[in-house]
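Model the full structure from these sequences, guided by the hints.
Residue numbers (my numbering), protein chains in the order written: chain A, -1 to 160; chain Y, -15 to 153; chain B, 706 to 848.
It should be emphasised that the hints constitute simulated quantities derived from the structure, not laboratory data. Backbone N, C-alpha and C define an ideal beta-carbon position, used for all residues, glycine too. There could be a bad hint or two in this list.
Stated by the list, open to error - With a Cα cut of at most 25 Å, we get these calculated PhoX-like pairs of lysine-lysine:
no., chain 1, residue 1, chain 2, residue 2
1, A, LYS34, B, LYS799
2, A, LYS114, A, LYS126
3, B, LYS760, B, LYS778
4, Y, LYS139, B, LYS744
5, Y, LYS146, B, LYS799
6, A, LYS80, A, LYS16
7, Y, LYS141, B, LYS718
8, Y, LYS141, B, LYS768
9, B, LYS717, Y, LYS125
10, Y, LYS(-12), Y, LYS58
11, B, LYS799, Y, LYS138
12, Y, LYS138, B, LYS768
13, B, LYS711, Y, LYS139
14, B, LYS768, Y, LYS25
15, B, LYS710, B, LYS734
16, Y, LYS146, B, LYS718
17, B, LYS710, Y, LYS(-2)
18, A, LYS126, A, LYS75
19, B, LYS799, A, LYS30
20, B, LYS746, Y, LYS146
21, Y, LYS120, B, LYS718
22, B, LYS768, Y, LYS139
23, B, LYS799, A, LYS55
24, B, LYS760, Y, LYS(-2)
25, A, LYS114, A, LYS30
26, Y, LYS141, B, LYS746
27, B, LYS799, Y, LYS32
28, B, LYS733, Y, LYS146
29, B, LYS744, B, LYS711
30, A, LYS86, A, LYS30
31, Y, LYS138, B, LYS744
32, Y, LYS139, B, LYS733
33, Y, LYS146, B, LYS768
Claimed, not checked - Which chain A residues stay away from chain B? Per the calculated CB distances, all over 12 Å, these:
no., residue
34, ASP19
35, ASP21
36, LYS80
37, ARG92
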Amino acid sequence: MLFLAAPFLSQAQDAFDKFEDIDEVTTVVVSKSMFKLMSSFNSDTDPETQEYMEMIKTIDGLRVYITDNQDIAREMKEVATKYIKSSKLTELMRVTDKDANVKIYVKQGRDEDHVKELLMFVSDKEDKQTVLMSLMGDIDLNKVALLTEKMNLPTGGNIEIQ
Amino acid sequence: MNQKQFLETIHPFKDKVFRLAKRLLVSREEAEDASQELFFKLWKNREKFEAYKNVEAFAMTMTKNYCLDRLKSKQAGNLKLVHSNYLEKGPGLDKEMEVKDSVSLVHDLIDQLPEQQRIIIQMRDVEQYEFEEIGKVLGLKPTAIRVALSRARKKIKEQLIKQHSYGVS
Amino acid sequence: MESVKKIDSLLKKYFEGETDLREEAQLKKYFSSDLVDSKHKQYTPLFSYFSNNEKEQLSNAIKLPKAKSQRFKWMSIAASFALMASVYVGYSIKQENEIKDAFSQTQMALDFLSGNMNKGNQAFAQLDKFKQTTEIIYNQKNK
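Structure (structure tokens):
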């Protein structure tokens, strides 16, 4: 009993692993080695893609869990809360509007602009979709924000994984 | 050892193998078949070549054993029958003899000898092996080889003298 | 050429099995010449025979179990290479596709994250209150 609850799970990877196998959960995992491969990938030099490539070079891992199921969503929230506590992540921001609740937690990196880890939890009220995202690396938040700011995208919305 | 090397190794004595086989089996065709069999066997045993100081002796021994086995398994009676024509019929000899020339007579005389003597004559008088070498193949001491050789040569000598006295050239 | 007497003694030795190869060669040489004494003539066939018989040879070339097994060996090696090459190519293509997939998924995830961050940013302008933490990060943008 003890070891189940024990916080040996220092990585987000391990804490949320169990959601991967559940049918009602869509999982996206991009490993460190895949990030390495991507960054060495010679892509065309359109500036937009280049921005992403630059970003990708700073990321070690990405995990996304998406579900429509409310019970699972609840459990995900519980696990996330526990994890945030045990890993001592701090809240970066949270936004609540008519569409969704968004919470973003981070662990600070080498300086004020960088984070080692990011955890985002989104509850979409309208489509009843819940998204849990975890990012690891040496991430410049300004740059992340810039990705969409310029393009003036409609904010938030649902994430679609093809 | 690849096939090319093998063929090079056996080249010096391949015909000796054939001639010994022919000496024992008499028929050229059979001797060719036997030779083919023997080289096949040798090829299969090519790893053993390293262990044998003398591959040639090994090959000749194999030939001897193989041919003697062949002779045994054949109707031994058959073979003797063919040749007894020459040996048993005394004066009647001259009829057959007249037809053959004397050199092929010698061939037949040798073929009539007991196998061991045949082998020794073949290996000494035709192939010019030393007594030690012949001894290895037959598993006999050189002195025993000489004795058998002498017997064989004398037997041929007798027939040749007889032949000559019948006035056949 | 040897004297008749010498030949006599050699012959005697010969039939006793006592001659060596050199002496036997001498006898062969004598008997192949034209100077064979009449009393020796009866032995000519014998020594002629030995001189000639050496020449009998195998008529057919030796056939060894051909590289049927060797051929098979080469074929299977070639097949292995072909298989390895195709697996590699297949794997490379698969890898490339996987990388492309991972890239687009990462892109979308980042956009989603970014969008949500900016949501806060936009909302920020309308809010009276704001979280201390956000100010630190977004400070520079507002300038």
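Keeping to a limit of 25 Å between CA atoms, is the pair of LYS146(Y) and LYS768(B) held or broken? 45 Å, violated
Below or equal to 25 Å on CA atoms is what counts here, so check LYS120(Y) against LYS718(B). At roughly 23 Å apart (the allowed maximum being 25 Å), LYS718(B) and LYS120(Y) satisfy the hint.
Would the pair LYS138(Y) and LYS744(B) pass a check requiring their Cα atoms to be no farther apart than 25 Å? 17 Å, holds
Does the alpha-carbon distance linking LYS711(B) and LYS139(Y) stay inside the 25 Å limit? The hint holds at about 23 Å.
Would the pair LYS746(B) and LYS146(Y) pass a check requiring their Cα atoms to be no farther apart than 25 Å? This hinted pair holds, its Cα atoms lying about 13 Å apart.
Beyond 12 Å from every Cβ of chain B: is that where the Cβ of ASP19(A) lies? 19 Å, holds
Grab the minimum beta-carbon distance between ARG92(A) and chain B and tell me whether it stays above 12 Å. Answer for ARG92(A): violated, closest chain B Cβ roughly 7 Å.
Quick one, are LYS141(Y) and LYS746(B) close enough, alpha carbons at most 25 Å? 12 Å, holds
Taken at face value, is the distance from the CA of LYS30(A) to the CA of LYS86(A) at most 25 Å? 23 Å, holds
With the threshold set at 25 Å, check whether the alpha-carbon distance from LYS139(Y) to LYS733(B) stays at or below it. 19 Å, holds
Verify the proposed pairing of LYS717(B) with LYS125(Y), using a straight-line Cα cut of 25 Å. 22 Å, holds
Is LYS146(Y) close enough to LYS799(B), meaning Cα to Cα at most 25 Å? 94 Å, violated
Figure legend: structure checked against the earlier numbered hints; hints not met, in rising order: 2, 3, 5, 8, 10, 11, 12, 17, 22, 27, 33, 37.
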